[in-house]
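Novice: Now for the letters of each chain:
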Amino acid sequence: MFRMSWDPVQFITWKDMSVIASPNGDSRGPDKKEFDPQSLSTKPVLVSSQRRARKVEGGIFFPKPENAVTIALSSRVLFRTETEQKVFEQRGVEEYIQYQVEHENEPFTPGPAFSFVKALEEVNTRLRELYPESEELFDIVLVTYNHATVGVRLINTINHHNLFIERFCMTGGSSPIGYLKAWQTNLYLSADAEKVREALAEGIAAATMFMSDKLTEVSEKQLRVAFDGDAVLFSDESERIFKSHGLDGFFQHERDNEDILLDRGPLKDFLASLGKLQKKFYAKGHRLDCPIRTYLVTARSAASSGIRALKTLRAWGLETDEALFLAGAPKGPMLEKIRPHIYFDDQMFHVEGAAEMGTVAAHVPYGIAQKHQQQKSSNSGK
Amino acid sequence: MSELKQTTLATDAGAEKDWAAAIAFYDNLKTKIPRPPKPQYAVTIAVSSRTLFNMDAEGKIYEEEGVEQYVAYQEQHETEPLKQGVAFPLVKALMTVNARLRHLYPDSEELFDIVLMTNNHAQVGVRLINSINHYGLTIERFCMTGGKSPIGYLKAYMTNLYLSKDGKKVTEAIEEGIAAATMFTAGNVENQLSDTQLRVAFDGDAVLFSDESEIIAKSKGLDSFFEHEKLFENKPLAQGPLKCFLEALGKLQRKFYAKNERMTCPIRTYLVTARSAASSGARVLKTLRSWGLEIDEALFLAGAPKGPLLQKIRPHIFFDDQMFHIEGAKELGTIAAHVPYGIGQKYDKGKLIEQPAKDTKH
Chain X
1 MFRMSWDPVQ
11 FITWKDMSVI
21 ASPNGDSRGP
31 DKKEFDPQSL
41 STKPVLVSSQ
51 RRARKVEGGI
61 FFPKPENAVT
71 IALSSRVLFR
81 TETEQKVFEQ
91 RGVEEYIQYQ
101 VEHENEPFTP
111 GPAFSFVKAL
121 EEVNTRLREL
131 YPESEELFDI
141 VLVTYNHATV
151 GVRLINTINH
161 HNLFIERFCM
171 TGGSSPIGYL
181 KAWQTNLYLS
191 ADAEKVREAL
201 AEGIAAATMF
211 MSDKLTEVSE
221 KQLRVAFDGD
231 AVLFSDESER
241 IFKSHGLDGF
251 FQHERDNEDI
261 LLDRGPLKDF
271 LASLGKLQKK
281 FYAKGHRLDC
291 PIRTYLVTAR
301 SAASSGIRAL
311 KTLRAWGLET
321 DEALFLAGAP
331 KGPMLEKIRP
341 HIYFDDQMFH
351 VEGAAEMGTV
361 AAHVPYGIAQ
371 KHQQQKSSNS
381 GK
Chain V
1 MSELKQTTLA
11 TDAGAEKDWA
21 AAIAFYDNLK
31 TKIPRPPKPQ
41 YAVTIAVSSR
51 TLFNMDAEGK
61 IYEEEGVEQY
71 VAYQEQHETE
81 PLKQGVAFPL
91 VKALMTVNAR
101 LRHLYPDSEE
111 LFDIVLMTNN
121 HAQVGVRLIN
131 SINHYGLTIE
141 RFCMTGGKSP
151 IGYLKAYMTN
161 LYLSKDGKKV
171 TEAIEEGIAA
181 ATMFTAGNVE
191 NQLSDTQLRV
201 AFDGDAVLFS
211 DESEIIAKSK
221 GLDSFFEHEK
231 LFENKPLAQG
241 PLKCFLEALG
251 KLQRKFYAKN
261 ERMTCPIRTY
271 LVTARSAASS
281 GARVLKTLRS
291 WGLEIDEALF
301 LAGAPKGPLL
311 QKIRPHIFFD
321 DQMFHIEGAK
331 ELGTIAAHVP
341 YGIGQKYDKG
351 KLIEQPAKDT
361 KH
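These protein sequence lines map, in sequence, to chains X and V. For the first sequence, my numbering begins at 1 and goes up steadily by one. For the second sequence, my numbering begins at 1 and goes up steadily by one.
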């Protein structure tokens with residue numbers, strides 16, 4: 001059960017790829033652009049105006065929100081917009097819009113959620129192959145504070161990187177949280193902790209993403225999502241006990257309540273939707289090469305407090321492919337081996353530790369750990 | 001000012017003196033109700049009596065018992081104010097915006113002007129006036145056409161938008177180049193609308209823009225449509241029936257921005273289109289930019305249902321050319337108005353000539 005599979009064969013880097021898979025399986029025409037991260041950061045690449053449009057007939061590309069697993073992203077997690085942010089903060093909104101319009105044909109560089117989105121599209125391609133009529137796919141919606149004028153640059157960038165993001169909400173300054181519910185969002189990722197907190201309060205799974213300079217390469221073929229346990233998949237009740245009664249009190253409590261299920265946490269439903277899609281692959285005999293893999297990476301100790309977590313998952317009918325009980329060991333090195341496209345944790349301490357080693361980590365501002373963070377320092381969160 | 005007029009007019013004919021006196025008298029009247037603006041400066045919205053007020057019960061009498069009984073009924077109930085109709089919240093919001101505009105620009109005539117354009121019999125006018133006064137609305141201009149077509153009057157008033165329940169009149173108006181839309185009785189669910197901010201939501205194709213793209217999508221399919229839009233990305237779309245109304249709204253919005261009220265602007269516009277952003281959205285945004293128009297919020301749905309998003313926006317009115325979307329909006333309590341323009345009129349959810357599953361209209 002605690003087997004760790006670090007199969008290096010599965011890691012494919014950008015440089016190794018010679019063909020960028022398109023959703024219909026056919027390779028792109030002669031005008032395809034190969035994505036090279038180095039070139040984008042050194043000289044201003046302009047978008048190709050001769051880009052062929054993506055083919056959408058012959059498959060489900062626009063699923064109904066209630067059937068799809070909807071992931072809502074903000075523009076700042078999908079792309080790197082630090083320069084533009086600076087312009088906005090220092091010179092105001094009019095100059096910011098002007099700047100964006102001037103640089104309209106310069107695509108943004110990828111942000112922290114970029115590889116996650118690419119992996120989601122890969123899963124979608126596989127799902128369409130196996131179930132051509134099904135609407136149970138990933139649906140990506142861009143939900144941004146940005147003004148509609150900036151939309152042109154966003155659209156140009158999306159096309160430049162060959163992403164398929166067709167649903168937009170450009171709210172021109174008003175809160176996007178209302179739209180999340182209308183889209184039946186399963187997961188919301190943003191760079192703004194306030195919005196993420198608002199979304200969590202509305203019952204939508206959400207996490208704050210941060211940009212880090214070091215990013216390890218992730219698999220192109222398999223979506224990997226890692227979750228912390230307490231206050232992410234489960235509620236923070238155990239953390240409360242741990243913080244008030246200490247480790248021994250916590251162990252005692254867990255042992256006594258072994259058969260009582262933990263309450264659900266904010267990302268439990270997202271794990272459930274991943275599981276639903278995984279089962280579709282299993283049903284067609286693709287368990288071994290399933291393009292979705294989930295990991296539980298928890299600071300719990302296996303023997304002393306692990307059973308309750310596993311029994312809870314079992315009772316919910318959920319699985320994670322791998323479960324790592326660290327008993328307090330740092331998560332960074334483990335995550336560096338897993339190479340998830342995204343890792344959810346409620347404590348900034350772990351998020352930072354993961355980011356230091358190049359993992360894309362997202363903070364879930366939920367539960368008692370947030371109060372401790374606020375007491376500790378003022379620079380955690382926005 | 002009135003003294004100046006009197007001294008210069010002392011030398012003129014008596015008629016001039018009377019006229020001046022009349023103006024002075026009117027100016028000095030203590031009236032809270034401000035004077036209506038001149039049509040060429042104002043943004044004129046013509047509403048029919050059936051959209052402003054709920055006249056379903058009276059309508060039944062008209063149909064079942066004839067015009068005589070109908071008029072008699074109205075006269076009997078003259079002092080009973082009519083119930084609020086589907087365009088009522090919109091009119092209330094327009095008046096709020098007017099109040100803000102007058103506050104910022106006391107001498108300007110660039111305001112909303114609401115005209116009542118109705119087929120109704122003149123005698124019914126009393127009840128209408130009583131109802132209007134009951135609700136405190138400022139509707140000073142009436143056209144009771146007694147059966148004649150309102151188009152001539154609409155043009156004379158330089159109408160920027162005409163709302164009616166009668167689809168035929170609306171179609172006629174659009175053909176004459178007047179922005180118009182058919183309103184329907186709202187569904188049972190009524191959303192709480194803002195009373196400080198006017199919100200207007202527009203569909204894209206065949207409402208703000210012409211239906212050229214819809215024709216391609218319907219005849220050749222989505223892939224050709226995307227190719228076409230990519231190819232002509234930098235060529236602006238032709239304008240649609242409601243483009244000028246958006247322009248008029250934008251003109252008033254800029255008056256607020258000029259006074260540093262961008263954040264609290266009482267007019268907010270939304271684009272809610274079934275287009276796909278990356279594949280066909282750039283042309284739309286570039287077209288708006290080339291027209292010098294801004295839209296506050298842009299939602300690209302790529303075929304997702306519009307109902308839930310409109311429910312979150314809560315517009316005072318939503319314009320769309322396809323009945324399918326109008327009905328979806330109504331189901332969730334949004335006030336929707338149908339713009340009977342373009343190729344979308346030949347297709348209906350139940351009578352689609354193409355595959356019914358393809359409701360992903362760009």
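If you're looking for bench data, these hints aren't it; they were derived computationally from the structure. Heads up, a few of these hints could be off.
Claimed, not checked - Here are a few chain V residues that sit away from chain X, every Cβ distance over 10 angstroms (derived from the structure): (1) A13; (2) V71; (3) E109; (4) E110; (5) F226; (6) N260; (7) E297; (8) A304; (9) K312.
Said to hold, decoys possible - Below, simulated DSS-like cross-link-like pairs (lysine-lysine); rule was C-alpha separation at most 27 angstroms, straight line: (10) K286(V) x K55(X); (11) K55(X) x K235(V); (12) K55(X) x K148(V); (13) K55(X) x K214(X).
Claimed, not checked - To give an idea of the interface, some chain X residues facing chain V are shown, with a C-beta separation under 8 angstroms as derived from the structure: (14) V56; (15) K86; (16) V87; (17) F88; (18) I155; (19) F164; (20) F210; (21) D256; (22) N257; (23) E258; (24) I260.
This one's a predicted model, so the numbers in the text were calculated from it and none came from an experiment. Where is the CB? At the ideal position from N, CA and C, for every residue including glycine.
Novice: Which of the listed hints are broken here?
Specialist: 5, 7, 8, 9, 12, 13, 15, 16, 17, 20, 21, 22, 23 and 24
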